[in-house]
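Chemist: Sequence:
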Amino acid sequence: MKTATLDGKRIAYTDTTEFLVQVGRGRGAYATRYSFKGEIARAVMYYNAINIGRGYKKRLIMRNAMRPVLAREFS
Numbered sequence: 001m002k003t004a005t006l007d008g009k010r011i012a013y014t015d016t017t018e019f020l021v022q023v024g025r026g027r028g029a030y031a032t033r034y035s036f037k038g039e040i041a042r043a044v045m046y047y048n049a050i051n052i053g054r055g056y057k058k059r060l061i062m063r064n065a066m067r068p069v070l071a072r073e074f075s
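Sequential numbering from 1 applies to the sequence shown in this note's numbering.
For the record, the hints were derived by calculation from the structure and aren't laboratory data.
Idealized CB from N, CA, C, for every residue including glycine.
One or more hints might be untrue.
Just the calculated beta-carbon pair ranges, DEER-fashion [as the list claims (entries may be wrong)]:
(1) G28 / N51: 16 to 24 Å
(2) T16 / G53: 18 to 26 Å
(3) G8 / N51: 33 to 41 Å
(4) G55 / M1: 36 to 44 Å
(5) S75 / M45: 15 to 23 Å
(6) A41 / E73: 15 to 23 Å
(7) N64 / R27: 36 to 44 Å
(8) T32 / L6: 14 to 22 Å
(9) M45 / T14: 15 to 23 Å
(10) S35 / A12: 16 to 24 Å
(11) T5 / E73: 33 to 41 Å
List time: in silico DSSO-like cross-link candidates among lysine-lysine, alpha-carbon distance up to 27 Å [unchecked claim]:
(12) K57 / K9
(13) K37 / K58
(14) K37 / K2
(15) K9 / K37
(16) K9 / K58
(17) K58 / K2
(18) K57 / K37
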């Protein structure tokens, strides 16, 4: 079991935990852009690199978690 801190919250994960970076537009559904297994630092880096413009939204998901949404942003 590994741990990391994201926005002041401790996150526990393993090497098989899947992190998803998703992007959407308006009220539509999210589409997965990137997927990482056991690499939260890389997932956060890709999440921060996405520049959202007017009407877009993005989120960072940890699959199979009690509260899967780790970060969310929209314009």
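Chemist: None of the hints should be skipped; say for each whether it holds.
Modeler: Going through the hints against the structure:
no., hint, result
1, G28 / N51: 16 to 24 Å, "holds, 19 Å"
2, T16 / G53: 18 to 26 Å, "violated, 34 Å"
3, G8 / N51: 33 to 41 Å, "violated, 24 Å"
4, G55 / M1: 36 to 44 Å, "holds, 39 Å"
5, S75 / M45: 15 to 23 Å, "holds, 20 Å"
6, A41 / E73: 15 to 23 Å, "holds, 18 Å"
7, N64 / R27: 36 to 44 Å, "violated, 26 Å"
8, T32 / L6: 14 to 22 Å, "holds, 19 Å"
9, M45 / T14: 15 to 23 Å, "holds, 20 Å"
10, S35 / A12: 16 to 24 Å, "holds, 19 Å"
11, T5 / E73: 33 to 41 Å, "violated, 19 Å"
12, K57 / K9, "holds, 22 Å"
13, K37 / K58, "holds, 19 Å"
14, K37 / K2, "holds, 13 Å"
15, K9 / K37, "holds, 20 Å"
16, K9 / K58, "holds, 19 Å"
17, K58 / K2, "holds, 25 Å"
18, K57 / K37, "holds, 23 Å"
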